[in-house]
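Q: Add chains B and C to chain A, keeping to what the hints say.
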Amino acid sequence: MMEPAEADGKIKRLTGEEIVSLFRERLGDGVVDTRVDVYTNGVRKKPFESVWIRVKRENFRDAVKLLAEVHSPLHISVASGSDIGDEIELIYHFQVYWGMGGGQISVSIGSRCPKSDPRFPSVSDLVPGAIITEREKQEFLGVVMEGIPDGRQLFLSESLPPDVHPWRKDEEELKKLEKYIRNVHDEGV
Amino acid sequence: MMDINDLYVRMLLGVLAMLAAVVVGLAYKGIDRKIAAHMQSRIGPPLRQPFRDISKLMQKETITPDGAVDWIFHGMPVIGLVAALLLVLYIPWGPLSPPLKAHGDLILVLYLLIIPSLAMALGGFSSGSPVAAIGAQREMVMMMSYEFPLAIVILSLAWFYTRVLPGSAPFAFTTMEAAPIWGLVGPIGFIGAVLLLLSLVVVTPSELSKIPFDAPEAETELGGGLMAEYSGRDLAMFYIADAVKGLVMAAIIVGLFFPHPLSPIVEKYYALPLIMDQPVVAWIIDGLFFLFKVFLVLFATVTTVRVAFPRLKIDKISYIYLVPVSLMALAGTLLLYLDTLGGV
Amino acid sequence: MSKCSYTLPIGPVHPALKEPTMFKFVMDGEIVKEVDVQPGVNHRGIEFIGMRRNPLQVLHLAERICGICSIVHQYAFTMASEKAAGINDIPERAQYIRTIMAELERIHSHVLWAGVAAHELGFDTLLHWTWKLREDVQDVLEYISGNRVNYAMYYQGGVRRDISPEKIPRIKEMISAYRREFQKLADAFLEDPLFKHRTVNVGVLTKKDALETSAVGPTTRGSGVPKDVRVDQPYGGYADLDLKPCLPEQMGYPNTGDTYAKTVVRILEVGQSLDIIEFCLDNMPPGPIRWEMNVNKVLMHMKKAGGEAIGMTEAPRGEMIHYVRLDPGDENVSAWKVRASTYNNIIAWQKMLVGAQIADVAIVAASIDPCIGCMDRVTVVDGETGKEGVMTKEDFYRLSVRKTRRLRRMKGKPSGGGW
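Protein chains in written order, with the working numbering: chain A, 2 to 190; chain B, 10 to 353; chain C, -3 to 415.
The following block holds chain A by itself, in its conformation from the complex:
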């Protein structure tokens, strides 16, 4: 594992656009969509970048491996997930160039899987810090993380049926969930 101080000397720091073009070059058609957001802050208008890369599911692990080449060890912030109609989207938020006194770039790598086939490749072997968030995604969104070292339930109670996934938004799921929800304002409590 590379130490951050060494990484600072060795690594050529890429800009957000350069990271995007590296992904396009190495993954080719695997990259679906990219975006670089720049935000400025303070009186000095100091900028920082946020890179968004969406890849195909089968290219997801390669994308994470590629990002680890940019800066290692990778820092994972979290994986967010949402139900978008027929598909479930997972976005892994990574940070690169941390600990260098500034210029950290947030790289969010997203990918989708259809609800009919909710399998998703786990990256816990590449980034050990991802295990908690992957376990959470499994129970809340009903995706199956393939290759997860520890797939037990985490936050939800054991007594909640395993087929109830609170973050799914389709009618079927909501019906299953309904009896566990209490609408306080409807009851006028």
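Treat the hints as calculated values from the structure; they're not laboratory data. A couple of the hints might just be wrong.
Cut-off 30 Å, straight-line C-alpha distance, at most; resulting in silico cross-link-like pairs (DSBU-like, lysine-lysine) [said to hold, decoys possible]:
(1) Lys325/B / Lys79/C
(2) Lys46/A / Lys293/C
(3) Lys128/C / Lys43/B
(4) Lys128/C / Lys13/A
(5) Lys47/A / Lys79/C
(6) Lys79/C / Lys347/C
(7) Lys219/B / Lys29/C
(8) Lys325/B / Lys203/C
(9) Lys299/C / Lys116/A
(10) Lys57/A / Lys79/C
(11) Lys300/C / Lys325/B
A: Here is chains B and C on its own, set in the frame of chain A:
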């Protein structure tokens, strides 16, 4: 043979002494809590809080946890309390000599002191809770550690008395009362006696399971440890036993090292004829003085110590008693021995 | 696993844990062999609720995720929703006020932690002393925002309340009082031989583990990993400050990653926060405090806007990230993910606890400054039969009615009876 009337008087005295010990012990607990609170810039509970706690606990349900050995679990609080109350009968209470002084001495006191701790440990083991079992293990380890210096202190004192006052009963409090140790020693012996006193002072907070030696109960680690499963009456009994034991420990220190009465001094300097004529007044003065001495001992060994220190780990506690404190006690013994050589 | 090992549960409610969570330890005597953290007992489904509310409503929800680090949640959510809605020109004055509030909160959180750490060690005197000192910063927070907790200061496009020039002397007075008093407190912790004995080489997180587990905040900085969002990706007023991450070595203590090192980091950070607040007060730019004064306009803007963004802040416990997606035409927040600092530190926790003594569990668990309310966010309660069960709407209603009846019966009688 004991006169039958004398027996009745003694029984009555004994019962009164036990009741008084419970009340005074709880009152000291209240004072201790109040003073500690002020030291920590808090207001603290009212002085009668320990009495309220007892009355509340008595009303509460006494729960038996699943998997507990019923008779041991409920029997141990009784044994602990009885042992603590029996101690009261063998300790001098200022002007009052021990109600059962003819039937037991310091050796018996040493044994009786072990019983409440042992009862708590057995109660903890029998409760079937892993937390209480850890607490009980720690209590056993701690006992094995502090009993050693405690025994050294008591035995050294007794040995010293046989040496200096041949023919006296070395294990009786009356001997110490008649001739306090400070008047019998030379300069070297004085240092020796101070070391023995210090050793006893260090043993006191762990005998009472108070911070920094409260590893068996350790609220933030074990959530009450060996007391974790106790509730209601059982807990109240341990609570009272603890209060009485605190009082007894302080009374032992006072009895061994500071048995001095106040009334002769008052008589000498103020020459109050009233005291000469009325022994009751002397009794009251000495009684109050004794209570004050006990308060000072508790204040120095329990209140200030528990305010000033964090909790120690069990391995450290064991080390402290087995090495530095034991060495200190042994050094005290050695100095007393040297003193007797010079004196003879 | 040796023959004599046994399982020791700590939690869900335990005096060592200030909030409910569950640990299962496989023990060998006094030594921890294996650890399993089972969170979720405090999960309130806040993200689920948030995904059925509009961004302005979620603002208040976000603040109530945690009672200690409430402002950083609001900060991260405001940033994420602003970016998602394309509100990028936040007035500079508002950015400075946001920074001041976040730093005041950091001081109160770190001082609170110091008190808890002392309590875990059984050192209650230090706990009371520390918390007395904490009142000072709490008073200032109340002075500025009107609240001691949940300050309700942030708002998409700016802040709700200004720090007017006449308020500044009171804040500066607090800063100088802290500079005077805090050193004494720091000494009481760092110089105390027993505190050292209980924390040095206890709960060590090696640098390798800190990097692998993506630990955040003082937990990782104690191991010498210089991760700090305020430095790495400066947001708000931090962009004008040239900050350096606080590492234990700055105080001459090696970056060992033990509990003592984490204490050093937090103590350094309190000093750093005081400097930041002072800088912001001295250099506060003039101008408006909001991007748009009319709340309805802000709401309409957010309703029409579409986009996704992340908001990252450095909470007192470390990096905090909110992901927000807004869909045009949909009034509600379409996707919301909250990731508090403790969430990333769970795995680090497991590594730190293995090999510890039971006596150290409390302080090691506390050393990451866990915030379970932040981490857990379905209503599951133990049923009356004593078995675990999910309580439905009807059950709640039934219980509620029963309690009302009971209260009615109690009426006129003295209170204090248990129910």
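Q: So, for every hint listed, does it hold in this structure?
A: Tested hints:
1. Lys325/B / Lys79/C: violated, 55 Å
2. Lys46/A / Lys293/C: holds, 26 Å
3. Lys128/C / Lys43/B: holds, 18 Å
4. Lys128/C / Lys13/A: Measuring from Cα to Cα gives roughly 50 Å; hence the hint is violated.
5. Lys47/A / Lys79/C: holds, 16 Å
6. Lys79/C / Lys347/C: violated, 36 Å
7. Lys219/B / Lys29/C: holds, 29 Å
8. Lys325/B / Lys203/C: holds, 29 Å
9. Lys299/C / Lys116/A: Cα-Cα ~28 Å, so holds.
10. Lys57/A / Lys79/C: holds, 26 Å
11. Lys300/C / Lys325/B: Roughly 66 Å between the alpha carbons, so the hint for Lys300/C and Lys325/B is violated.
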